[in-house]
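With the hints as your guide, set chain B onto chain A.
Protein chains in written order, with my numbering: chain A, 1 to 274; chain B, 1 to 274.
Hints are supplied without guarantee of correctness; some may be wrong.
Note that the list lumps identical chains together, so a pair holds whenever it fits in one copy or between two copies.
No farther apart than 25 Å at their CA atoms in a straight line, the calculated lysine to any residue pairs in the SDA-like style are these [unchecked claim]:
| no. | residue 1 | residue 2 |
| --- | --- | --- |
| 1 | K207 | H121 |
| 2 | K273 | G56 |
| 3 | K273 | S223 |
| 4 | K273 | T122 |
| 5 | K273 | G143 |
| 6 | K207 | L115 |
| 7 | K273 | S86 |
| 8 | K273 | D124 |
| 9 | K273 | I160 |
These are computed hints drawn from the structure, not numbers from a lab.
Computed from a predicted model, the values in this text were never measured in an experiment.
2 protein chains.
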Amino acid sequence: MTHHPFDHAMQLLPGATAHSFAGATSPDYWNMVGPFGGYTAALAVQAVMQHPALLGEPVALTVNYAGATTQGPFTVTATPARTNRSTQHWVIALSQTNAAGEPEVAMTATVMTALRRDTWHTNDMPMPVVTPVNAAAKDHRDGAPVWLDRYDMRFVHGSIPQEFDGREASSLTQLWMRDEPPRPLDFVSLTAMADVFYPRVWLRRAKRVAAGTVSMTTYFHASQAQMTDVGTGYLLGQAQAQAFRHGFFDQTAQLWSGAGTLLATSTQLVYYKE
Amino acid sequence: MTHHPFDHAMQLLPGATAHSFAGATSPDYWNMVGPFGGYTAALAVQAVMQHPALLGEPVALTVNYAGATTQGPFTVTATPARTNRSTQHWVIALSQTNAAGEPEVAMTATVMTALRRDTWHTNDMPMPVVTPVNAAAKDHRDGAPVWLDRYDMRFVHGSIPQEFDGREASSLTQLWMRDEPPRPLDFVSLTAMADVFYPRVWLRRAKRVAAGTVSMTTYFHASQAQMTDVGTGYLLGQAQAQAFRHGFFDQTAQLWSGAGTLLATSTQLVYYKE
Numbered sequence: 001m002t003h004h005p006f007d008h009a010m011q012l013l014p015g016a017t018a019h020s021f022a023g024a025t026s027p028d029y030w031n032m033v034g035p036f037g038g039y040t041a042a043l044a045v046q047a048v049m050q051h052p053a054l055l056g057e058p059v060a061l062t063v064n065y066a067g068a069t070t071q072g073p074f075t076v077t078a079t080p081a082r083t084n085r086s087t088q089h090w091v092i093a094l095s096q097t098n099a100a101g102e103p104e105v106a107m108t109a110t111v112m113t114a115l116r117r118d119t120w121h122t123n124d125m126p127m128p129v130v131t132p133v134n135a136a137a138k139d140h141r142d143g144a145p146v147w148l149d150r151y152d153m154r155f156v157h158g159s160i161p162q163e164f165d166g167r168e169a170s171s172l173t174q175l176w177m178r179d180e181p182p183r184p185l186d187f188v189s190l191t192a193m194a195d196v197f198y199p200r201v202w203l204r205r206a207k208r209v210a211a212g213t214v215s216m217t218t219y220f221h222a223s224q225a226q227m228t229d230v231g232t233g234y235l236l237g238q239a240q241a242q243a244f245r246h247g248f249f250d251q252t253a254q255l256w257s258g259a260g261t262l263l264a265t266s267t268q269l270v271y272y273k274e
Numbered sequence: 001m002t003h004h005p006f007d008h009a010m011q012l013l014p015g016a017t018a019h020s021f022a023g024a025t026s027p028d029y030w031n032m033v034g035p036f037g038g039y040t041a042a043l044a045v046q047a048v049m050q051h052p053a054l055l056g057e058p059v060a061l062t063v064n065y066a067g068a069t070t071q072g073p074f075t076v077t078a079t080p081a082r083t084n085r086s087t088q089h090w091v092i093a094l095s096q097t098n099a100a101g102e103p104e105v106a107m108t109a110t111v112m113t114a115l116r117r118d119t120w121h122t123n124d125m126p127m128p129v130v131t132p133v134n135a136a137a138k139d140h141r142d143g144a145p146v147w148l149d150r151y152d153m154r155f156v157h158g159s160i161p162q163e164f165d166g167r168e169a170s171s172l173t174q175l176w177m178r179d180e181p182p183r184p185l186d187f188v189s190l191t192a193m194a195d196v197f198y199p200r201v202w203l204r205r206a207k208r209v210a211a212g213t214v215s216m217t218t219y220f221h222a223s224q225a226q227m228t229d230v231g232t233g234y235l236l237g238q239a240q241a242q243a244f245r246h247g248f249f250d251q252t253a254q255l256w257s258g259a260g261t262l263l264a265t266s267t268q269l270v271y272y273k274e
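Same shape as in the complex, but just chain A (with noise of 0.2 Å):
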């Protein structure tokens, strides 16, 4: 446990079952009308870690924005729903007490661990050449929601359009990225980044539209050894759009260690209101 803002985010009790954990939303990792969702999806991950069932280490995750969290407490509970030999399977929800009190799910989410083995390995997404981070300069946007503090993004493709001005372009966006003040990357880190990419559809159109996640998954292929040896460096980060209908669109994404390796390839479906 660091003084780390992320550190202190990701807190949570042992709740009132053996499966269940208590929390509260962080002001620090707050947008614009409720948290970061790259902070939501992170507390799954957190659950699973913290339980004295865990077997293994997280491999992949998906997580669905059933409804918006707000302000103040919330339960987690990480199920063991099958513990195989090498493997294992949970079940997460994150609910809140709404208005009439009674309890209302806001995430769902299923996460697999596994005990990670030396075998052939290659990576087939290589990371694309791109200006270095020493060269490309940290984003910062007056008035932006206080998240987007959390980190020290630098972007060198498809930053946000300078001006909305509907003209269309390429979805994709490349950025160098880690956490900020600097933290030792681990698995829960490494979720909420996978998450830090801005609405494709702001990029696509140069149109500020309503958008949101709704579902997001994301392979680890890194094992925590290897987060250990990325510590507190940059993370290249890639996402680019595939389809846009009826009020949907997917976000393809890959994150690279600066030495190259494919750390995690992620993607998302997110909501755009016109």
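Same frame as chain A, but now just chain B:
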């Protein structure tokens, strides 16, 4: 209800509780040691589609293969965790009675459904230019698992290696596909078709190692009306790996209609032995 083997295989009857359904595995979609994974994934969507509380159409699905599904009866539970004005979030499990007479979870899943609306739309992942379906040969392998007979597959790139000689290659596969015999496309059959791709590791290494999907996520970009337009036409499917490490590799996939509409995007994490 037709006499198509897929419809027989997808039959679910009301179960013992409000959110449960009873079914049994189908010999028609059998793989080597269990059902074809696309069949099991499709059951999760089928349960949601048959639930009387359903709102809208599927937009996102994640299935986790938690353990072996064995031949015989199973129970699928599909519980609406949260229903909003235009979206709904489902938590699903498939379980079977094990040798000790206890229920055991073989699959966990989440589904998001939504009312589709007309919005601005575009396709950022155009269908690749490939050999037309009429000029592509139908794949057939003697002694192959029976589920392969349920699909008309015509590889145009990255077929199963003729020789498993260890010659490394790209992990990209492109193929035309449809149900065999033909069957009008719907969400349930599209779910299954997103899993027809043989393990990328076989292609990448020209080596046949034990492999099996452990988690799969599919986003549906088409409405039922658009699928009705596709009818029994061939889809073009494409799959490619990003990273192989520690006994798991991932795969991204896209499925287009013959007219070039991106119907679904999918990703999966696959176990491989060595």
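Tested hints:
| no. | hint | in the structure |
| --- | --- | --- |
| 1 | K207 x H121 | between (41 Å within a copy, 13 Å between copies) |
| 2 | K273 x G56 | between (40 Å within a copy, 17 Å between copies) |
| 3 | K273 x S223 | between (38 Å within a copy, 17 Å between copies) |
| 4 | K273 x T122 | between (40 Å within a copy, 15 Å between copies) |
| 5 | K273 x G143 | within (23 Å within a copy, 50 Å between copies) |
| 6 | K207 x L115 | between (44 Å within a copy, 24 Å between copies) |
| 7 | K273 x S86 | between (43 Å within a copy, 12 Å between copies) |
| 8 | K273 x D124 | between (35 Å within a copy, 18 Å between copies) |
| 9 | K273 x I160 | within (18 Å within a copy, 43 Å between copies) |
Against the hints set out earlier in the document, no violation occurs for any number.
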